[in-house]
Amino acid sequence: MTVYFPEHDLPALAQALAQRPGGRLVACLCADWCGTCKEYLVAFRGLAERCPDDCFVWIDIETHADRLGDIDVENFPTVLVQGVGAAEPQFYGTLLPHIETLERMLARGGAMHAAGAGAPDVLGWLAPGAGLHRP
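Residue 135, in the UniProt record's numbering, is where the sequence shown stops; the numbers in between run on with no holes.
The following label-pair restraints were derived from C-beta to C-beta distances:
id	residue 1	residue 2	range
1	F5	G124	14 to 20 Å
2	G85	T36	29 to 35 Å
3	G35	E88	30 to 36 Å
4	Q15	A86	15 to 21 Å
5	T63	V42	18 to 24 Å
The hints are simulated quantities; they were obtained by calculation from the structure and are not laboratory data. Yeah, the Cβ is synthetic: ideal placement off N, Cα and C, and Gly gets one too.
Construct all of the structure, not just a fragment, from the sequences and the given hints.
Here it is as C-alpha cells:
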C-alpha cells in the first residue's frame, strides 16, 4: 500500500477510500520543515505496507491550512484514525514518534480511546461525494 499526499494524489486517494468502506483513514498531520516528521514518514510508509486494508495519508498542515480549518497542532506527529464509513474519529492526537505506538493502536482497532473534540473533517475533504456512509 502507498502513502497518499493530497497535493498530488487527491483523485487516487478518493478512489482508494471508496474502495475501502470497511477500512480506516490513517492520516498523519505534519509540517515540511519538521525533521521528526521527515524521519517518521519512512516508518509511516512501512506501516502502510503492513496494513493494506487501511488508507494512509500524509497531510502537510501548512500546505493544507485552508482545508483543515482552525486546528492547533502543537506537536508532531499528530495522527487521525477514522473508519472510512464512521462519523467520528477513533483517535486524534499527538503520538510519540515511534511507529510501534501507532501500529499497536491500529492492531487494537475498536479498543482505541475515542477522539476528543477538535478533530478536523479530513474525510469530508478527501472524499467529498464519494458515496461514503457518513451519518
